[in-house]
Amino acid sequence: MNIALIALLPLLGAFIPCLFYNRNLNAASAGVIAGFSLLLLLLQAPAVFSGDIPLYTRSWIPAMGLTFAFRVSGFGFLFALLVLGIGLLIVLYARYYIAAEDPMGRFYTYLLFFMGSMLGIVLSENLLLLMVFWELTSISSFLLIGFWRDRTDARQGAFMALVITAGGGFAMLAGFLLLGHIVGSFELTDILAAGQIVQAHPLYPVTLILILAGAFTKSAQFPFQFWLPHAMAAPTPVSAFLHSATMVKAGVFLLALLVPVLSGTALWFTIVTATGLITLVFAAYMAMFKDDLKGLLAYSTVSHLGLITFLLGLGTPLAVFAAVFHIFNHAAFKAGLFLLAGIIDHETGTRDILRLSGLKKTMPVTAALTVIGSGAMAGVPLFNGFLSKEMFLAETLAPGLTGAWSWILPAGAVLAAAFAVAYSIRMLHGVFWGKPAEDLPSHPHEPPVGMILSPAFLMAVCVLVGIFPAFFAGPLVKAGAGAILGPDMPPYHMAVWHGFNMALILSIIALAGGVVFYRQRQRLFDAHVWCSRNLDGKTLFESLVSQMVHIGEMVTGYTENGSFQRYSALLIGSALVLGVSPFVRDSAPFLGSVPLTIPDPVTLVMGLILISAAIATVVTHRIRILSIIMLGTVGLMVSLAFSRFSAPDLALTQISVELVTIILMMMALHMLPRITPKESSSCRKWRDIVLSVLAGGGAAAVMMAVLTRPFDTISDFFLAHSVPGGGGSNVVNVILVDFRGFDTLGEITVLVIAGLVIYALLHNFDITGPRTDAQGYPWSRDRFPIILVNITRPLLPLALLFSVYIFLRGHNDPGGGFIAGLITVAVLILQYIASGIVWTRPRFHFDNHVIMALGLIVALVTGFGSWVVGYPFLTSTFAYVTLPLVGKFEIASAMAFDLGVYLAVVGSIMLVLVKLGTINSSDAQIVSTTFQREKEIQKEGH
Amino acid sequence: MNHLVAAPLLLPLLTGAWLVLGVDRPIARHRAFSLAGCLALTLITGLLLFQSITGPVQVYVLGNWSPPFGIVLVLDRLSAMMVFITALLGFLSLVYAVHGTDLEGKNFHALFQFQLLGINGAFLTGDIFNLFVFFEIMLLASYGLVLHGGSGPRIRAGMHYALLNLVGSSIFLVGVGILYSLLGTLNMADLAVRIIQAPESSAALIQAGGLILFAVFALKAALLPVCFWLPAAYSFTSAPVAALFAVMTKVGVYVILRVFTLIFGDHGAAGANLLAPWLQPAALITLAAGTAGLLAAQNLRRITAFLVIVSVGTLLAVAGTLEQDAIAAAIVYLPHTTFMTGGMFLVTDMIAQQRPDAGAKLIPDQPVQQQTLLGLLFMGTAIAIAGLPPLSGFFAKVMMLIHVQYYSGSAWIWFLILFAGFLGLIALGRAGSIIFWKTLPVQNINSAEGAGTRPSRLPVFGPIYVLPAAALLGISPLLVIFGQPMARFADTVAAQLVEPVLYIEAVLGLERAALFFAHTGGL
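From first to last, the protein sequence lines are chains C and D. My numbering applies: residue 603 is where the first sequence begins, and numbers increase by one. My numbering applies: residue 144 is where the second sequence begins, and numbers increase by one.
No wet-lab data here; the hints were simulated from the structure. For each residue, glycine too, the CB sits at the ideal point set by N, CA and C. Among the clues, some could well be false.
Just the calculated beta-carbon pair ranges, DEER-fashion [unchecked claim]:
#1 C:M1268 to D:L182: 43 to 49 Å
#2 C:V1204 to D:N416: 43 to 49 Å
#3 C:A795 to D:P342: 57 to 63 Å
#4 C:L1271 to D:P342: 47 to 53 Å
#5 D:G295 to C:W1288: 29 to 35 Å
#6 C:G1076 to D:Q627: 41 to 47 Å
#7 C:H1323 to D:G652: 16 to 22 Å
#8 C:W750 to D:P606: 50 to 56 Å
#9 C:N604 to D:Q548: 32 to 38 Å
#10 C:G1076 to D:G552: 49 to 55 Å
#11 D:P296 to C:W1469: 43 to 49 Å
#12 C:F1448 to D:L186: 54 to 60 Å
#13 C:F1448 to D:Q627: 57 to 63 Å
#14 D:G295 to C:Y623: 45 to 51 Å
Sample of chain C residues facing chain D (criterion: CB under 8 Å; computed from the structure) [to be verified]:
#15 W662
#16 L738
#17 L764
#18 G1164
#19 L1172
#20 F1185
#21 F1313
#22 F1319
#23 D1340
#24 H1365
#25 M1454
#26 P1474
The following block holds chain C by itself, in its conformation from the complex (with noise of 0.2 Å):
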């Protein structure tokens, strides 16, 4: 567990500083976490060292091959040491760097959830935990970049590296997911044994090519290596933390740990070390053009990592000795000047090399700092930096390079070498020496004790390990490099005097190459003005996405542009193929056995009428009234049909539903236009008339397939059950409310559901209607045609006598309680119609709601009622009684039921009514006032 808690214990106890509001509170909590875990790790220094690797594994998620497993191998263990020690570094100066202005618990918090996040990685021994460390350090990064969220270029910096960095990361995801497919684990333990099973794997260059992509986005290697220098708008405590010792060098670690298993193999050699040389080449020539201290510091850091990277692909056991010493060193340096910059900036407020100068006579502390900084970025002799640079020299000597390899390589190196000397020349001599600045922001002054310390920890470090590397580093290298070359470990020699030899000598050349550059500077500034204009990396990102942006705004603005018409031609043409498909390779005969039949003279002229009508509905749908007549003209065909073929019940539903839609239609178009403009264009005309003919056709075709073939259903079921199991002799309405029931009872819910829908539709809608005709003349006063009213009023109580007989008769003749309250409905429009809405509604003021409302609460408790019994829901019942005068009768649990469908179809069709009629009309307030003053009386009245 105590390996564990080396990376959790940041993690976990990253909210902690935020809970204070003292600063040294906040910079102590962290620090004794830091400390914690540091003393967690340093606890398992002895096994490290005599070779172990501690493990800890605890079952997580099986299915996907995930382990809570954690190990710490010398590798491990060095890089666990650097992001804590120089993590406590940090958390001490950034006590004093941090403004009083800004949130430093939130800082500290981003920081130990960082650390957290980087010791995971270092530390995980399975492969997808660690891609889950390495994500949170992308987005804990994120956060720490843009930490002075008010500043465009932290905002800018920290989207771009999360992007890049998070991005390589889904790349890596694919790749280790790979080496998990082909290892048959994701342990690393196991990973590493399988060295040879991986690179003769025919998915090997892929697997490779995506973690590569993953580690070279992380370590900032060309051409990703944009993103880091826009990260520096960070605090700098933080790029210091970032870009010596952590996140960029998560991709180092990750290339150094899988050496075994990835390297040895062409493909591996030639993209890594090639990516290696370019970046290094190219961000150490970019460094020495940029005025910016911290923007010099990060090219010279991506430069750095571009040379460890070439050291792992040359992959030779001494190059990967060098590689693990370099990253030690460089750690140590690069964090050290990071935080020699944050002092400068801070002290004099500005980081600008042009503007700094001669700044050794007020910061002679600082300056001798920065010297020992320099020389070991720069490689001279006596600081680490030059030990594991004139081994990366000696490499690139290493006698198994052929052909172009051999002298690019070295010519690189030098290159690079010089161009490192140069700019860490640039960067001492231009800021302390020359003529004291007189225009500083601030005036210099050396720091604070506290902030100084951090730096002269790190600078001690470099010249000791300088001087006596064997005594100060070996151990802790030996380690690292062993864990990762195992028995392939070579003899090495780490000393300062290596003896006269080629490496020598190429160090001397790039010592006095640098001075040249240096003294030479301004023809190479010329020269430089061309490249930066054209080598972005940042314009090149944001034009990217921005064209990213574009692409996807393109394809949805084509494809979701709105139209309805569009939608529904998707939709119906979908179905359309979807239907036709299977039939393209089908052999078997399209329509059935059963024999078609002749149609009779009467079928004939309702099915021309129908097909005219649906036609004419179409052909007229822009006068709208003329439209819904012909609709009606359908409706009412589709009835015929239906009482033709023996079906009374649809028959009557059928054309109950048609009248009180049309009248329901007719009230709608008040408020519409007569007439709609013409909207298609007449090739979108077509594509519509080709679809819905196809469409149309095809529903047909489907439908004489279907019936020419024999009918072997479960209705014989219905038929033989209705007497003796549903007690009514109507098969329909037994089905309706019993057989299929809950069918029945969805279905009213969707009335009642459309009644609140169009109610509450029109409830917001602020539409008024015309208030005047057509022609322009205000409508007619005289709107209750006498006669009318005087032959609606007797017709109610005699229709409403009728709808309860067909409702009472229902269960075994046609009718039934959807039927009967259609009946209903018509006959109280009819007395809206006639008498008009300030007469009727005051007279039927029961609230619609509450009917319909109602009627589903029957229904269910209908429904309810059978479980008394213990059957389940909606299980009828019947029984025959005999009553005196009326005889004998049934009574069926099912006619409850239909009591509930009848009240919820008169609720909710009443109350869309009602609301219509009301909606527009200058009655509409006289009928909601009186109404609410009679409520409000009867309520009184209680």
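Since the structure of chain C is already known, use the hints to place chain D on it.
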């Protein structure tokens, strides 16, 4: 018979009807009833989920008419999981809605309950015509909720949504009609048995019926090319409604899985492997199109709406293999994506409320009042959705990638899922950076300038207001910590799906199941 199986339908129906009955009662009463109903529903569905994990497939025979003659409700593991997800999401959305959304129009709570009824019905029914009825309930209620309290664009978007789905309903009837007239039954288990006995000469017609149904299901699930109703409908409607709708597209996904594993499953019958040439390509194109939309969206609401499309594309691309382990991985992803997109709608709404000028638009505005709170909620939800660790999105994604790798099209699935995650990250990262970082200086909003257009005071959210979004986000780490139980559960869900003989036995009895079993050659 376990009456609890019917409770996810009867409870919201009763609550809804009761609320309509008391239409003029004070809103507090509506809220109390509605919340109580949802809470009870959550508890009941939780219990049902537990029962389904430990017990067999349960069947509820409505009206006591033995199947295939009457209508049955069937509770297997998948449907139990879906009704539980719906209930939980519904409850949390409702808790959010009672802070004022429900006052914007009439009868919000009744419609909300009916919506739950429709969704649960679609999950539970074992009858294909009854499914149609529940689609209608769902459609009407959702139409009402989309429109709720809105005007202008909301009505327009709702109108498109409703009309398109009505066209879909008629197409559904055509499909069901074909199947009924050829196979003579509406019970889904019975359809599965009868289809293996269907004559060869009818095979093409049966397939046509199935594919026509697929067109409708694709519309419900929002697959390309029938997904364009979604962005407008989801982004213009009120936040809690949109949050609930996160589960609506999953109804489409569910019925595709149900119908095309049960009736048209790989049983060597007329309709075997019917979807193979269609589903996965459509899902992948949907994924790509949703990703394009993500990039193009200039409004956080729209981004979230496109995230719903992306999530459907992902789900169906993976589950569309119709292989057990891939379906299992998709089932791990399903609750995650539903809850997270739902939560994102709520977070978006809270953010929009605290930005006086920009609302959810991605243009700089004054910083939101509760930066830390909303920032954390947004970031957490965004991380989960983009599939970054340590939240559930990452694990679900990895699970899907791992389990889909052996099947055809896996390279495309890998590429598109990872690419969609990448672009989702760009879209959400950009949005977050504009909303929380790229802020304008704080103005006194009570100053004379522009006072007319702005609300007089920006809301500050209390704990109860934040609770739903926070709770939804809180589900994500739970899915990670209990990743293994979840994965194992998903595997049993998928096992039930790909081997439907137990489902058929539960509905039709041993004899018919044995018939099916014999024809399909066994396990």
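Checked against the structure, which of the hints given earlier come out wrong? Hints 8, 12 are the ones this structure does not satisfy, whereas the remaining hints hold.
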